[in-house]
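A.B. asks: Residue numbers (this note's numbering), protein chains in the order written: chain A, 1 to 615; chain B, 1 to 327.
Derived from the structure by calculation, the hints contain no laboratory data. Beta carbons are placed, not taken as given, at the ideal position from N, Cα and C, and that holds for glycine. Mixed in with the good hints, there may be bad ones.
As the list claims (entries may be wrong) - Here are the simulated DMTMM-like cross-link-like pairs (lysine to aspartate or glutamate), alpha carbons at most 25 Å apart as the crow flies:
| # | chain 1 | residue 1 | chain 2 | residue 2 |
| --- | --- | --- | --- | --- |
| 1 | A | K202 | A | E212 |
| 2 | A | K465 | B | E52 |
| 3 | A | K465 | A | D77 |
| 4 | A | K317 | A | E283 |
| 5 | A | K465 | B | D30 |
| 6 | A | K317 | A | E265 |
Said to hold, decoys possible - Stretch-level coverage of chain B by chain A, calculated; a stretch enters the list once three of its residues show a Cβ under 8 Å from a Cβ in chain A:
| # | region |
| --- | --- |
| 7 | 38-46 |
| 8 | 85-94 |
| 9 | 164-175 |
| 10 | 278-291 |
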Amino acid sequence: MPSGHNLDDPRATATGRSRRSFLKLLGLGGAASLAGCTAPESGSGTADGGGSAPDRADYVEGTATGTRTLNFLSVDDEPSLNRVQLALDGAYALTPEQEIFPLWADISTDEGRVYTVELRDNLEWGAGYGSMTAEDWIYMITEVFQAEPNWAGFPTASDWRQNGEPIPVEKTGPRSFEIRLQSVDPAFPLRPIMWGQYCMPKALIERYRSDEDQSGLQQDEEVQTLAYAGNLGPYRFERWNRESEFVAVRNEEYYLRDADDVPAEWADAPYFDSFTYEVVPEESTRLSALRTGELTATDVPETQVEQFEGREDVDVKVFPQPYMTSLIYNQRANGAFYEALRKPTVRRALARAVDKQAIVDDILRGYGNVAHTFQPTFSKWYDDSEVTAYGVGDTYSHERARELLESELASTPYRYDGDRVVDGDGEQVSLDLVFAQGSQSLQTTAQLVAQEYDAIGLDVELTGKEYGTLVEHHVYNSWQGDGDPPWNAGPYNGGPRDGSVSSEPWDLILGVTFNTYPRTPSSIRGFTVERGGINFYGYVPETDFGSLFERATSTVDEAERSETLAEIFGALSVEQPFNFLNMGVEIVGYDSAIRGPEEVFGYSWDRNTWRLGSA
Amino acid sequence: MGLKRYIVRRIAWAGVVAAVMLTVTFVLLDLAPDAQLARVQFQAAASGGNAEAAAEAYAQRRGLDGPLWERYLDYLGNLATGDWGWSDTRSQPVSEAILTALPYSLMYTVPAVLASTLLGIAIGLYSAFNQYTKTDYAATFVAFFGISIPNFWFGIVLLLVFAVHLGWVPVLFDAELARTHPFSLANARQLALPVFVLGTSAIAGTMRYTRAEALEYVRATFVKTARAKGVSERRILTRHVLRPTLVPLSTILVGDLLGVILSASYLVEIVFGIPGLGRLSLDAIQRQDTALVLGTTLVPVFVAVIGNLLQDVGYALLDPRIDYGDR
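Bound-form chain A, shown alone (with noise of 0.2 Å):
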């Protein structure tokens, strides 16, 4: 627990948290020092080496805002989730190499349809609902995860079906059970499906499950205090202040306490008496409290970053993330360009006339990483032979973009008039841009973007909005054709790109980012194929991305998956449905006494394993 209230000092605070605590755990303060004493190398972070009970720090992590929930059925925010890991697991981590790290349990299977996950045997609820067991799992994923009516309003529930129907889950043992999908996936341990998949006890499901009341399961005690949480997490629930702070104690019963087939670092985690998300509104009183060590950790902008180099007490890590922001044109046929945007000749052209390396070093400060394809290059899919760039070096030049535009022009309405682009009436082209809202620097690539693309004789209108209204009035599309589509593939893409349109018209949209999935690439099927469940901006592709998917999905044989998915990106790369401009990263300063965090993508799996240590 906590050391409690120093009511006189006033840096301390209830959970005992200041940079001065974390240096007296690590002896590198004080009459320590003087004493000629040596810090311990790293550790348990115990300032004693007696037996008494180790004295550990407190973390604190800075958030811009608290969580909704701690029932996970209803987590659709990385707040909420953020919470509820602390006190659960989850099935099994992901490592960075992408291997499994069995937590609760372990996944296998001999050729990639049938999958069996094994729970260990010393996993116990709380609340005096016992150990945990197949037959919690089994009805979780067949009364909650797949009911029909969702009555839970589970978010992913359409990932536990294949085809619209229930992927089988079968119990084979006590602690074992069998999920048996219909197709061979070998991605699917990677997927977020069983990869971090959280559990109830059926006991407690059982209580709300025959008057399907989700709104009884959500003010449960049980589900508000993580009651039922016992031994399968790191922390324990400790309290909860609304909008002000989460925090978990060290739990005493930790399972992997017991485990032998984890690394020596887990057996004695987490090394920290408590975590606890403070939520701080204001960006720059958390920076603030990062200086004066009230926070252990908290996000830090690109802009902001300078303000923290050559400080002795606050890292700054950079670490790699999936998410791509793009440029995307609108080839529906409410675009004020759209029969030019259609052509993958003009969006190379366009492509070229966008300098992203300077998006990259002078509005991001460095902090993101040009893309070329739908993949980061740290991901083992990436296959550099095969990608062809543009809007970078030689491949950025506004001479040659114009050339290549103009006569690719010849075949539209378009055509140059002198420098400008101008319509069939000899009315000046002029495309709108718009943009989500709350970003500066998204705010500034918009102004970039009309820069550039002025160069090249094309006007942009900048309108920025915010984020639901930008999705509402321009991403949805609906069929505005006679009779019924021929097909529609949801809200996104209501139909072929000549009926189904927005709203209201765009040309250029910025600020709506696209996951990469690095680990499961075939999940970007949906953006590549004309069909796709996402493709609003009516991308109809000339490779065959359909066959090439189906063949990457349906192998086990991965030097032919690499091989497939290296066409794909390469192929996307060239065809250029989007201008791909950058890959963003995280930025997080920790005080500098933190041992653990890793620059890699994904970096947070061993999270329960960092520590305090000596520089």
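Based on these hints, arrange chain B on the given structure of chain A.
C.D. replies: Frame of chain A, contents of chain B only:
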């Protein structure tokens, strides 16, 4: 009897105002695009899932699965029985959310309003009695400084100076400390800057209004008469100048209180991370938590209606010429 009838009529009118505001808010919230729904749906479609099923599940979780009129009638029915609804973005009853947030707001608004009112009136009177002196100019400067400086910016700067550089106060507001030790020195220390920031903006208005109003009476004939009769300066100040000055000032005080609750507190609470009413209502609006927005809408409506009523009653007490007897 007349005053009582007047009060009853005003309270009944308050009910009508509240009903209109609730209805308008309910409809507007339903019409507003929901960014979280857009994200959830987009994420489902992007990962190959069913966007429509994701939207239905979202509606189920948020209690939005029914026609607008049905949800509205349900809400009114519950409200009539004292149930203000469930906040699904905080996972707690709306009444509990408001009662949890209220003390945090009161902790800094009450001292700020009290201090700014007392000091504002005192300095305003002093300035009126010492017009165009150096101290009057100094007080005027303070007033203009308080009005001009944005609370948001001022709060950030004060935090940088007093918390980061001098270390006199903590940067983060400790809600647990405030809840468990509201009257401790440590709590007073963490509330010092929010009270100061809010106080400086509120004091300015009060002071300038007091000065302007008092100046009207400083040279009034009845004040001159009182002086000629040998009444002490202290009595002139408190009985002959302050009392009539308070009539228009009481109007400003209700406005000040509303301003504090509606606007200034948003900014102060965001900068200092105080989980009070301002942030509660702001978060509720941003997250489109209908029940919580409606609940937090009722609070300022209540303050405005009751505040104005008290102010009208106060007029009669402060100025015997005002009477509601035949209204």
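A.B. asks: Has the given pair, A/K465 with A/D77, been kept, meaning a C-alpha gap of at most 25 Å?
C.D. replies: holds (22 Å)
A.B. asks: With a Cβ-Cβ cutoff of 8 Å, does the region 278-291 of chain B contain at least three residues near chain A?
C.D. replies: holds (count 4)
A.B. asks: Under the criterion that the straight-line Cα-Cα distance not exceed 25 Å, is the pair A/K465, B/D30 satisfied?
C.D. replies: OK: A/K465 and B/D30 at ~19 Å, within 25 Å.
A.B. asks: The region 38-46 of chain B covered by chain A? Criterion: 3 or more residues, Cβ-Cβ distance below 8 Å.
C.D. replies: Three-residue rule met by the region 38-46 of chain B, so holds; n is 9.
A.B. asks: A/K317 and A/E265 were given as a pair; does the straight-line alpha-carbon distance stay at or below 25 Å?
C.D. replies: holds (22 Å)
A.B. asks: Taking 25 Å as the top limit, are the C-alpha atoms of A/K202 and A/E212 close enough?
C.D. replies: holds (14 Å)
A.B. asks: Do the alpha carbons of A/K317 and A/E283 lie within 25 Å of each other, as the hint requires?
C.D. replies: holds (17 Å)
A.B. asks: Keeping to a limit of 25 Å between CA atoms, is the pair of A/K465 and B/E52 held or broken?
C.D. replies: holds (23 Å)
A.B. asks: Checking C-beta pairs, does the region 85-94 of chain B have three or more residues closer than 8 Å to chain A?
C.D. replies: Check passed, 6 qualifying residues.
A.B. asks: Checking C-beta pairs, does the region 164-175 of chain B have three or more residues closer than 8 Å to chain A?
C.D. replies: holds (count 10)
The structure meets every hint from the earlier list without exception.
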